[in-house]
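Required output: the full structure, derived from the provided sequences and hints.
Protein sequence lines, in the order shown, are assigned to chains A and B.
Going by the working numbering, 243 is the number at position 242 of the first sequence; the sequence numbering is gapless.
Going by the working numbering, 294 is the number at position 283 of the second sequence; the sequence numbering is gapless.
Source of the hints: derived by calculation from the structure; they are not laboratory data.
On a predicted model such as this, the values are computed, not experimentally measured, just so you know.
Among the hints, erroneous ones may be present.
Distance condition first, Cα-Cα at most 27 angstroms in a straight line; then the derived DSS-like pairs of lysine-lysine [said to hold, decoys possible]:
(1) A:K80 / A:K246
(2) A:K115 / A:K134
(3) A:K449 / A:K462
(4) A:K134 / A:K80
(5) A:K134 / B:K217
(6) B:K266 / A:K267
(7) A:K134 / A:K119
(8) B:K165 / B:K266
(9) A:K246 / A:K218
(10) A:K346 / A:K365
(11) A:K80 / B:K282
(12) A:K80 / B:K217
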Amino acid sequence: MTWEVVIGLETHVQLSTVSKIFSGASTAFGAEPNRQACAVDMALPGVLPVMNAAAVDKAITFGLAIGAHVAPRSVFARKNYFYPDLPKGYQISQFEIPVVQGGTIAIQVGEGDKAYAKQVELTRAHLEEDAGKSLHEDFHGMSGIDLNRAGTPLLEIVTEPVMTSSAEAVAYARALHALVMWIGICDGNMQEGSFRCDANVSVRRPGEPLGTRREIKNLNSFRFLQQAIDYEIRSQIEQIEDGHKIQQATVLFDPDTGETRMMRSKEDAHDYRYFPDPDLPPLVIEPARIERVKAGMPELPAAMQARFAADFGLSAYDAAQLTASLETARYFEAVVAAAGPAQAKPAANWVMGEVAARLNREEKSIADSPVMPQQLAGVLARVADSTISNNIARKVFEALWNGEGSSADAIIEAQGLKQVTDASAIEPIIDEVLAANAQSVAEFKAGKEKAFNALVGQVMKASRGKANPAQVNELLRRKLEG
Amino acid sequence: MRSRTRGTWLACLAAHPAVRRLQWRRIVPAASGTDTGGSIRQPASFCGITGIKPTYGVVSRYGMIAYASSLDQGGPMARTAQDCAVLLSAMAGFDERDATSLQREPEDYTRDLDRPLDGLRVGVPRGWLGDGVSADVRAAVEAGLAELEKLGAKRVEVDLPHAQYAIAAYYVIAPAEASSNLSRYDGVRYGHRAAEYTDLADMYAKSRAEGFGAEVRRRILVGSYVLSAGYYDAYYLKAQQVRRKVAEDFAAAFKLCDVIAGPVAPTVAYKLGEKTADPVQMYLGDVYTTLVNLAGLPALSAPCGFGEGGMPVGLQLVGNYFAEARLLNVAHRFQQATHHHLQTPPAGVLGAGGAQ
Numbered sequence: 002m003t004w005e006v007v008i009g010l011e012t013h014v015q016l017s018t019v020s021k022i023f024s025g026a027s028t029a030f031g032a033e034p035n036r037q038a039c040a041v042d043m044a045l046p047g048v049l050p051v052m053n054a055a056a057v058d059k060a061i062t063f064g065l066a067i068g069a070h071v072a073p074r075s076v077f078a079r080k081n082y083f084y085p086d087l088p089k090g091y092q093i094s095q096f097e098i099p100v101v102q103g104g105t106i107a108i109q110v111g112e113g114d115k116a117y118a119k120q121v122e123l124t125r126a127h128l129e130e131d132a133g134k135s136l137h138e139d140f141h142g143m144s145g146i147d148l149n150r151a152g153t154p155l156l157e158i159v160t161e162p163v164m165t166s167s168a169e170a171v172a173y174a175r176a177l178h179a180l181v182m183w184i185g186i187c188d189g190n191m192q193e194g195s196f197r198c199d200a201n202v203s204v205r206r207p208g209e210p211l212g213t214r215r216e217i218k219n220l221n222s223f224r225f226l227q228q229a230i231d232y233e234i235r236s237q238i239e240q241i242e243d244g245h246k247i248q249q250a251t252v253l254f255d256p257d258t259g260e261t262r263m264m265r266s267k268e269d270a271h272d273y274r275y276f277p278d279p280d281l282p283p284l285v286i287e288p289a290r291i292e293r294v295k296a297g298m299p300e301l302p303a304a305m306q307a308r309f310a311a312d313f314g315l316s317a318y319d320a321a322q323l324t325a326s327l328e329t330a331r332y333f334e335a336v337v338a339a340a341g342p343a344q345a346k347p348a349a350n351w352v353m354g355e356v357a358a359r360l361n362r363e364e365k366s367i368a369d370s371p372v373m374p375q376q377l378a379g380v381l382a383r384v385a386d387s388t389i390s391n392n393i394a395r396k397v398f399e400a401l402w403n404g405e406g407s408s409a410d411a412i413i414e415a416q417g418l419k420q421v422t423d424a425s426a427i428e429p430i431i432d433e434v435l436a437a438n439a440q441s442v443a444e445f446k447a448g449k450e451k452a453f454n455a456l457v458g459q460v461m462k463a464s465r466g467k468a469n470p471a472q473v474n475e476l477l478r479r480k481l482e483g
Numbered sequence: 012m013r014s015r016t017r018g019t020w021l022a023c024l025a026a027h028p029a030v031r032r033l034q035w036r037r038i039v040p041a042a043s044g045t046d047t048g049g050s051i052r053q054p055a056s057f058c059g060i061t062g063i064k065p066t067y068g069v070v071s072r073y074g075m076i077a078y079a080s081s082l083d084q085g086g087p088m089a090r091t092a093q094d095c096a097v098l099l100s101a102m103a104g105f106d107e108r109d110a111t112s113l114q115r116e117p118e119d120y121t122r123d124l125d126r127p128l129d130g131l132r133v134g135v136p137r138g139w140l141g142d143g144v145s146a147d148v149r150a151a152v153e154a155g156l157a158e159l160e161k162l163g164a165k166r167v168e169v170d171l172p173h174a175q176y177a178i179a180a181y182y183v184i185a186p187a188e189a190s191s192n193l194s195r196y197d198g199v200r201y202g203h204r205a206a207e208y209t210d211l212a213d214m215y216a217k218s219r220a221e222g223f224g225a226e227v228r229r230r231i232l233v234g235s236y237v238l239s240a241g242y243y244d245a246y247y248l249k250a251q252q253v254r255r256k257v258a259e260d261f262a263a264a265f266k267l268c269d270v271i272a273g274p275v276a277p278t279v280a281y282k283l284g285e286k287t288a289d290p291v292q293m294y295l296g297d298v299y300t301t302l303v304n305l306a307g308l309p310a311l312s313a314p315c316g317f318g319e320g321g322m323p324v325g326l327q328l329v330g331n332y333f334a335e336a337r338l339l340n341v342a343h344r345f346q347q348a349t350h351h352h353l354q355t356p357p358a359g360v361l362g363a364g365g366a367q
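The following block contains the structure:
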């Protein structure tokens with residue numbers, strides 16, 4: 002019996018504003034408890050919320066980036082419930098009329114032959130405030146309350162129930178994560194809770210209506226998202242096959258056991274008594290404001306990929322790799338700008354290869370790369386004009402990385418790495434190598450082409466890499482066959 | 012304890028009766044209050060002083076303890092309209108900390124105080140001086156209207172057809188907002204916390220049951236009910252529709268008149284505890300005031316005579332949006348020609364008032 006899986010995601014994206022959504026307090030992470038909670042965040046009697054325009058602009062940015070409708074008028078509502086880290090007794094959120102409506106996000110699922118593309122439709126994205134934190138450790142028999150997070154601006158992004166596997170859900174979450182960082186509305190820091198997913202999962206037999214869903218709350222890593230969904234799918238199928246019905250519930254994923262456990266059942270569900278917040282007028286967004294936000298937005302990854310393919314003749318794969326993050330794309334573009342469009346392909350190879358590997362090894366982001374794009378362009382230029390070989394180029398790059406010189410030229414000069422193209426300088430080296438490697442010479446003459454490569458290697462080594470490899474090839478062959 | 016007062020009104024947290032009593036005794040020259048459904052105007056009427064509720068959004072609500080946010084509005088209470096004008100000039104103005112505060116140029120509300128009332132059209136809503144008003148209040152308000160006519164005003168009749176639904180709409184909207192606004196008094200950070208409880212839910216339940224009085228609990232329950240899933244459309248949404256209709260009625264009426272006049276309350280002040288057993292009777296005392304809050308209009312109460320037992324009666328004047336200066340002008344001219352506002356209460360009316 003086959004099963005169909007239906008998944009919808011709700012993602013809480015923390016908007017990277019300087020101050021909170023309804024107060025002037027700082028949103029910086031990691032301060033001492035309650036040091037970044039002002040009177041408004043603490044819900045002192047008599048205080049009132051005031052909308053942070055920067056949070057609205059970020060919501061508009063997101064709406065534009067996913068081709069959604071940016072509502073000209075949206076409404077803040079109160080979601081009423083009691084919890085100790087919710088000092089007002091209600092959360093200000095958008096309910097009936099959200100600021101962003103519809104839109105799609107393109108995802109790539111799987112690898113190799115099985116890879117496929119899909120458009121994930123979004124239902125909505127709405128602005129809301131985060132709650133504080135309840136701290137259950139360190140307070141014997143009591144709970145501590147930290148209101149630093151209270152009032153942090155969130156954009157809750159809701160998909161339609163259109164994903165059919167954990168792989169699709171993770172691909173969507175990764176694409177969304179990359180996008181919100183690309184357009185600069187979220188720092189993407191999942192450890193600090195800047196990007197958290199809730200997954201609604203249900204299963205059904207093909208052709209049947211939607212099954213009863215269970216919601217997995219607060220998944221803050223892609224791996225947990227995958228594990229939690231996979232566990233939930235298996236568990237739901239098992240239950241149904243055992244003759245049980247799925248009970249609608251909210252569950253939590255335990256990374257230690259790899260299982261989900263009940264948080265509350267449908268019977269415990271709150272009646273949030275939503276109603277429009279009388280403290281906040283409807284959020285009116287004029288067309289001029291949308292235009293202003295649009296003008297300040299970076300080129301989106303899809304548009305940039307198309308341009309890289311068209312202008313530089315890069316493959317779709319390369320273009321996608323180079324637009325994995327805005328920083329990577331900007332770095333690549335800066336290299337090409339300095340080295341010229343003819344160097345786009347080698348620039349792409351360097352950025353995806355040597356640069357990426359080196360950054361990875363040191364766990365650095367490309368924005369912190371010690372080798373500036375102009376410096377890398379300098380390396381490419383010297384390879385292009387045969388001043389150095391690719392091997393030497395890697396040496397020069399390493400030297401630049403380590404700060405041994407300010408430019409490729411300076412390092413080539415200082416370390417004497419200039420490629421030797423003078424045949425009269427190379428020939429004596431070849432002669433020496435041939436004399437010292439009689440066996441290889443004999444093997445070559447017996448028809449072993451491999452021996453030739455060994456001899457080239459020896460010559461290159463003897464020249465300390467500076468000999469032009471093409472020239473070495475040619476001279477060596479002439480001497481051996483001559 | 013037979014003193015007449017506004018009783019146990021929740022909204023009197025800010026507009027405390029003791030303050031009004033002190034004002035009547037001429038001990039306090041002026042004070043500020045908040046008016047959600049009449050809590051500036053009704054106490055002013057009951058105590059023989061002058062009080063004005065400005066247009067919603069004219070005075071910042073920042074710092075005021077919220078009861079019903081879409082109705083709450085602060086304003087001055089003083090002996091005379093002139094004093095109210097001075098105080099309101101200081102209180103009014105845009106406040107960036109209140110998103111419902113209106114961005115307007117500051118006004119000097121004393122500027123029109125002496126303007127003559129010649130040709131002023133005073134609209135009296137049909138039915139406002141009928142059977143619903145006690146005879147003593149009706150007589151005092153009629154005398155006040157006659158005085159305005161002597162000053163050059165012209166009396167016209169206007170219709171507020173949806174006014175009859177206003178009190179019901181008000182007692183849906185105000186408790187709905189209050190039920191949410193009062194959530195923060197849950198014993199965690201604010202309000203009373205029960206001494207003993209078994210768990211979090213029990214702490215909330217006990218703390219709030221113990222900390223709030225019967226009338227507040229009633230309003231929280233009503234408010235929670237009308238916002239509940241399944242009841243929201245029938246109560247809260249319907250009440251909002253009434254609210255729009257009431258505002259439309261006023262807009263139509265102000266095409267025919269400059270100010271609307273009538274009673275503030277159907278009776279003079281009732282005795283402490285007299286109506287607490289019958290909240291609906293008490294709510295009906297707000298029949299002439301709540302509709303003004305629903306529409307967000309400015310309105311004042313100025314003393315216009317005395318009723319049963321020598322108790323003061325107020326004349327209510329309602330203006331169009333931002334017509335505070337005009338209302339104060341009418342009340343000032345009225346007070347130039349009358350002495351009701353200068354009278355101190357006869358001995359004994361306040362009972363133990365002075366000794367409490």
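A quick look at each hint next to the structure:
1. A:K80 / A:K246: Between K80 (chain A) and K246 (chain A) the Cα gap is close to 30 angstroms, so the pair fails against 27 angstroms, i.e. violated.
2. A:K115 / A:K134: violated (43 angstroms)
3. A:K449 / A:K462: holds (21 angstroms)
4. A:K134 / A:K80: holds (18 angstroms)
5. A:K134 / B:K217: Holds, at about 24 angstroms.
6. B:K266 / A:K267: Distance ~54 angstroms between K266 (chain B) and K267 (chain A) Cα, so the pair is violated.
7. A:K134 / A:K119: violated (37 angstroms)
8. B:K165 / B:K266: holds (14 angstroms)
9. A:K246 / A:K218: holds (21 angstroms)
10. A:K346 / A:K365: Within the cut-off at roughly 24 angstroms; holds.
11. A:K80 / B:K282: violated (40 angstroms)
12. A:K80 / B:K217: Holds, at roughly 22 angstroms.
When held up to the earlier numbered hints, the structure conflicts with 1, 2, 6, 7, 11 and fits the remainder.
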